[in-house]
Amino acid sequence: MALLEFAQGLGVTLRNMFRPPTTIKYPEQRRVLPERERGRHVLHRYENGLERCIGCYLCAGACPADCIYIEAAENTPENRVSAGERYARVYEIDMLRCIFCGFCEEACPTGAITLEPILDISDYSRGPMIYTKDMLLEPPRNLDDLAAEASHR
Amino acid sequence: MDDLVNITVDGLKMQVPKGTLLWEACQAHGIDIPIFCYHTKLGPVGACRTCLVEVEGMTKGPITACSTPVTDGMVVRTRSPIAQKAQRGILEFLLLNHPLDCPICDRGGECPLQDQTFAYGPGSSRYVEPKRHHVKPIVLGPTIALDRERCVLCWRCVRFTAEIAEDKSIVLLDRGDHTVVGTFQDEPYVSNFSGNVVELCPVGALTARKQRFNFRPWELQNRPSICPHCAFGCNINISVRKNDEVIRFLSRDNPEVDDSWLCDRGRFDFEFINSPQRLTAPLVRDGDAFLEVSWTEAFELISNRLRSILDESGAHALAGIAAARMTNEGLHVFKRFMRDVVGTGLVDHTPRPNLRLTPGQQQAFARLGRNLMPIAGLDDARTILLLGADPSEREPVMELRIRQAVNRHGAQLVIANPEEITLSPKASHAASYETGGLAAFIRSLTSALRRGPQGSNNDDSASALVRTYLAEGPIAVIYDASFPGTLDKGDAVLALDDFVEALRARAAVGTLPLLDAANSMGARDLDILPPDGWSSSVIDALLGPDSQVRAAILAGADLAAGAGEETLRRLNQLDLLVVQELFMTETARLADVVLPAASFAEQIGTFTNSERRVQRLHEAVPAPGVARADWEILVDLSQHFDNALPYAGARQIWDDIRRTVPAYAPVAFDSIGPRGVRIEETQVLESA
Ligand code: SF4
Ligand code: SF4
Ligand code: SF4
Ligand code: SF4
Ligand code: FES
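Protein chains in written order, with the working numbering: chain V, 1 to 153; chain B, 1001 to 1688.
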């Protein structure tokens, strides 16, 4: 009897030896993530390049981990950053505290912040895990890029 | 009991005083009715109609609760279908053209319009047409910005400038649905009290320009405190953000003092607390530069050098000057350190009236101080007499109290001043005298008074004034304790004292001095003065040409600011200059040791205001770096001497103050509630 169970167990081992591995060689290889995966946040812009975020603190208010820190400021004709009267001068997310619940995304009245399928959020110390606005913000797209994107669709 | 009427609200029977406004009656019994235009300090206008309720028997439909006095037998329904429909309708109207600004609106989170709509309004809007738009924001003046789209035309700002500050700056322009708030011909709105309209505005239409977009209300905590900018002692709330940043000062209504108003200096001058330039560690001079050291190192250095100076030259080689904006606790420990630990009597406070009084004049000055009246007593005064005093400059909110006493309580205002002052147009009588002639003017009044009822029939102006305004009490005499423009201040003190005595023979009279700093009254009561009291000044002893002083401790006293060569040279010559400060002031730059002190917002303690009301400070934010309260610094320094001071906290110091200053004896630290405790005249008399 004991021998039979032993052989059965070994059978499982043998079967799995000939399966292709489930792990991949990250980061050289990357998995295709579901489109709606809630990974790292991205701050978006409008097509005209203005930031969507109006510095309203609603995401910070909704965040159960209290990991979003904002300081707002007023747009001026010389320095127009967002579409409204107000913009986020400072926007920081502590990725170590974020629980990726997506409440910020839900709270946002302008669709400025979304959680994107980006998973590589790691570092060797805590400091760099506080993502600042320049790390979170989409790069401004110029019109050529927009045209190129459109032609790809 | 005749004055009570019976009414029924939502089935609840209540008895309320006759003439009470329906809204107030309901409020007192816990029944909430939405309001916008009504404000307890401004009175009813019935402009917004938010407060509509149904009253049985009223055939004209619902009525406004905020402007209807109760009548006997009134049966009111605040939540009946008719009332609800009316309230919902009005809120829908208010929201028709209201922008969807809540996410970026500074009121969002503490907005009555949001709250009322949530509680009483319609769930959704039926309005699909494009909304009305205005240019936004409109800059109304140096301090205030206006967003016309958000305005609900409640008139509160208009009424404040018309009734309270009486500068009539903010007005309603145009008619009907074109009505907007603005200033006449777009003149800038410049006022000493402009910040109050921001707090009054029930929506985000009026904002303080320097606070726009700085915060969201829900991340603020309000901590009670006292305005540190003058001796009036207005009550404030310090709004603190999560990162311990002070965001704004709000008024914290104390009907006895500020009656919910603040002046702009008090409201907007708080940035020094957050300043990155604050001193954060003890500094010791090293040639032309300063080195950061630990507290112990600083204390050892001070105590060693101080001891050797005292051994060589005696206690008179040390002088100490404390700022009159320090807490009572700070001042008391300062005095005890100087007198009991190092043994010098050369202590003084600054700023203070530069009086040089003879012993006789000192007695007169003390008598004057004992006649102190409560600020709220202005409302009961028949005559308010301003003798060479301009409250608008020194204690601005007193100006509003005087206006209120005149407008609402029928006081007569008599102003005696060489120049026109802000309140002059308000005066029933304005008398002028030559600059420097205050004492002579007062004496003319006194002699007219002394001539008695018959004698004052003379037709000189002083007699006329006495006859018309000083015949009956209560009379409030407001004087400036610095006697600005008067050369012989001692003489003015005598004249004033004599005048008050003469007046007292005829009528009830109280005095209120205008003082220099938030705790000037405390500094007087705690006797932070040289041994001969008001007859000399330690600043002179310290800076005079034949000064014997070799070492000085200056706690918040910036003597070098704007001073001449000679002062700087004297300060530089000192063998030891210790400065306790918030900032690297000009004086601190000359110091041998600079000790970082906590500001009023960073410590527990008390201030005594100019009506002798003791009010509590709370620790709203932590002090920067290793900075400490003034008293903590001196208690720790005293550990390096033989007679170390025993205090461990503000409470303990207060108890010691009660033991040494009899007037303060009845006031237990924990009995100082949110409105403070005023020390009555009798208590001071007993102690004298
Ligand atoms: S990301 Fe959205 S919710 Fe957060 S501050 Fe910006 S606009 Fe507001
Ligand atoms: S005033 Fe109130 S309701 Fe209007 S936008 Fe501001 S927060 Fe919203
Ligand atoms: S600006 Fe504010 S206070 Fe003035 S009328 Fe409009 S809503 Fe009322
Ligand atoms: S009157 Fe004086 S105490 Fe009141 S707010 Fe103004 S400066 Fe502060
Ligand atoms: S609150 Fe009664 S009419 Fe405005």
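Warning: the hint list may mix true and false statements.
[To be verified] Straight-line Cα separation of at most 35 Å, DSBU-like style, residue types lysine-lysine; simulated pairs:
(1) B:K1242 to V:K133
(2) B:K1041 to B:K1210
(3) V:K133 to B:K1210
(4) V:K25 to B:K1210
(5) B:K1041 to V:K133
In case anyone wonders, no lab produced these hints; they're calculated from the structure.
Verification of the hints:
Under the criterion of a C-alpha separation no larger than 35 Å, the hint pairing K1242 of chain B with K133 of chain V is consistent with the structure, at around 20 Å. For the hint pairing K1041 of chain B with K1210 of chain B, the CA-to-CA distance comes to about 26 Å; that is within 35 Å, so the pair holds. Straight-line distance between C-alpha atoms of K133 of chain V and K1210 of chain B comes to about 24 Å, which keeps the hinted pair within the 35 Å bound. Distance check on the hinted pair: K25 of chain V and K1210 of chain B sit about 54 Å apart at the alpha-carbon level, beyond 35 Å; violated.
Taken as a hint, the K1041 of chain B and K133 of chain V pair is broken in the structure, with Cα atoms around 45 Å apart against an allowance of 35 Å.
The structure does not agree with the numbered hints 4, 5 stated previously, though it agrees with the rest.
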